[in-house]
Amino acid sequence: MAMDVRERKESVEIAIEAKGGSVASVKPTRQVQTTIASKNVCVYYGDKQALFNISLEIGKCEITALIGPSGCGKSTFLRCLNRMNDVIEGCRVEGVITLDGRSIYDPKLDVVQLREQVGMVFQKPNPFPKSIYDNVAYGPRIHGLADSKDQLDQIVEDSLRRAGLFEEVKDRLHDSGTGLSGGQQQRLCIARAIAVNPEVILMDEPCSALDPIATAKIEDLMLELKENYTIVIVTHSMQQAARVSDRTGFFHIGELVEVGDTSQLFQKPKEKRTEDYIRGRFG
Amino acid sequence: MGENGNKRLLKRKRAEIRFQWIGRFAIFASGCALLILLTTILSTGTTAFFRTKMLVDVQLDKEAIGITSASREQVLQGDYYSITKQAIYNLFPAVTDRSDRRDLSSMLSSGAPDEVRDYLLENPSSLGKVASLWLTAESNLDQLHKGNIKKELDEVHRGISNRVVSWYDFLLREGRIKSFFNIGFLSSGDSRNPEQAGVWGAIVGSFYSLLVCFLISFPMGIAAAIYLEEFAPKNRITEIIEVNINNLAAVPSIIFGLLGLAILLNTFELPRSTPLVGGIVLALMTLPTIIIACRASLKAVPDSIRQGAMAMGASKTQAIFHHVLPLAMPGTLTGTIIGLAQALGETAPLLMIGMVAFIVDVPKSPMEPSASLPVQIYLWAESAERGFVEKTSAAIMVILAFLLLMNAAAVFLRTRFERRW
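Chains A and B are the protein sequences, given in the same order. The opening position of the first sequence corresponds to residue 1 in the working numbering, with each subsequent residue numbered one higher. The opening position of the second sequence corresponds to residue 284 in the working numbering, with each subsequent residue numbered one higher.
Here are some of the chain A residues that sit facing chain B, going by a computed Cβ distance under 10 angstroms:
1) Asn82
2) Asp86
3) Val87
4) Gln113
5) Arg115
6) Val118
7) Gly119
8) Met120
9) Pro125
10) Pro127
11) Ile142
12) His143
13) Cys189
14) Ala195
Note that these hints are calculated values from the structure, not bench results. Beta carbons are placed, not taken as given, at the ideal position from N, Cα and C, and that holds for glycine.
Make a model of the complete structure from these sequences and hints.
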């Protein structure tokens, strides 16, 4: 399925492990290196198919936004990328998803390792009901990233700083994380995610529970984080997608209708359905 | 709004008021019932915490006791029965008739000679001297002094002869009869003599039973709850297990007792009448309570916590033990304590496994035969002696005190460790 609509500037060969172990080659089309590539991904919940042949490449150090009406499968797709669908009973994923050329559904790959590389921030801020410090230190602790208390302190401080939260909480690191405001909680969750130094951060409607000011802070933060991390964001807000993302994918009823550079997609959508959605005719 | 609308509004308002009054009445009625219960128990039971004693002058004569020195072994071998009897005869020199003298000596508890011995053990230097000792009075005299047996009653109904009453009056005038705080009630085991009977053996027995019960049911209950709630696939088998756990909670306790009798005692031949067996049987009863409480608490922990932990790369077990279980702990502990409180008051299964035996010794381990609080109450309640009436109520007070303590602990844990997210 040739869904690639991007301009061909330079071709980088990336090997993708197909299901049977045979190697197919896909030719990406942009200068940007591909971090995650999905090929013909289908997801089933029991008998119901939720995603149909999604093929999408996510570029390194870019923000990719996934938009679409409710129930279109964009969150489902996002959750495939760090295998959070594994825990949902009756959920089955077909197709190939690679992270840096390596299949993430490879039985030899430990899901713990994958989630260390692919962090996630949820729709509703969900800090652990522990101290701010322990929230951020949890990942480094379980993955054994810090050898000493000092090192751990440093990781916690760095992560909080990069999440733009350190100045606000430095005097109460040992207070409960649930005592923060909604926006602060979400930034704490981002700090928690980046504390293990992942390659990719998945964000599932991170601002839908926040007020506009907190939203603006998170968006600024995303633009800063883009320097070092690949970000995939699912959002309901087209304005948000337009503001922050480099590339946008439009999902509709389990299909990836169109994907392209954000400015192109919003200004000159190629598909009728995309145009209708963007113009607000449905959704 | 029309006429009809007004009428409907009025009707609705009346129904509201009526319902509130029904509720108030229900609370008032149950409050009254509780008040009556507590007053009865308190008014009958309080006197059991006091013990009537009689002041007698005992001659600690070597020859009469039959010992040569005041060394420990010698003192323990001595006979104190006759010198104790002699001490009370000396108070009434006029009484010489043999049967009268028997009545006289029966005014002291049959445990009184032991009290003399214990005094001598503590004061070896008093051997050969006269010691003025407060010795425990016999139960009926005790009841007479406490007013539980009325002097005005006819001799036949009173259970104490007129002569004994006159002797009692004499001793009272002399200042030789007094009430003391009954330490023995809280520090000694059961006895055939009401004035010597105590609940300590039963308290220790109940404690061991609950300990065994807790050690078995708590880890098992939590493990079962975690597996069923977090890991088990939702299919027919787990559904059947779930229904049966709920049913198990409703099984009459005596059936668990029969199970213990048939399996633990007859098949595995574990020692009869012991807190070990009692604890195992009670654990079977408490298990469903703990499982249900723990599962409900696990269910109440929002999924976002599990997902958050798992998205951080925690394994499922890590997510549960680091985040979910700590949050479910207050609810689980509350359920556990309530289950244990229930187990503390459980009588029927213990009757089945022989904890109803008359056991005087305070058990030193869960492997020794022992009494338990609820069964002790049952045993005393069916005893004929007048003196056991107050003991029964007092034992009820003790068990209620423990239940209150445990429930208070449950409330404390709930409020102290409950977290919001």
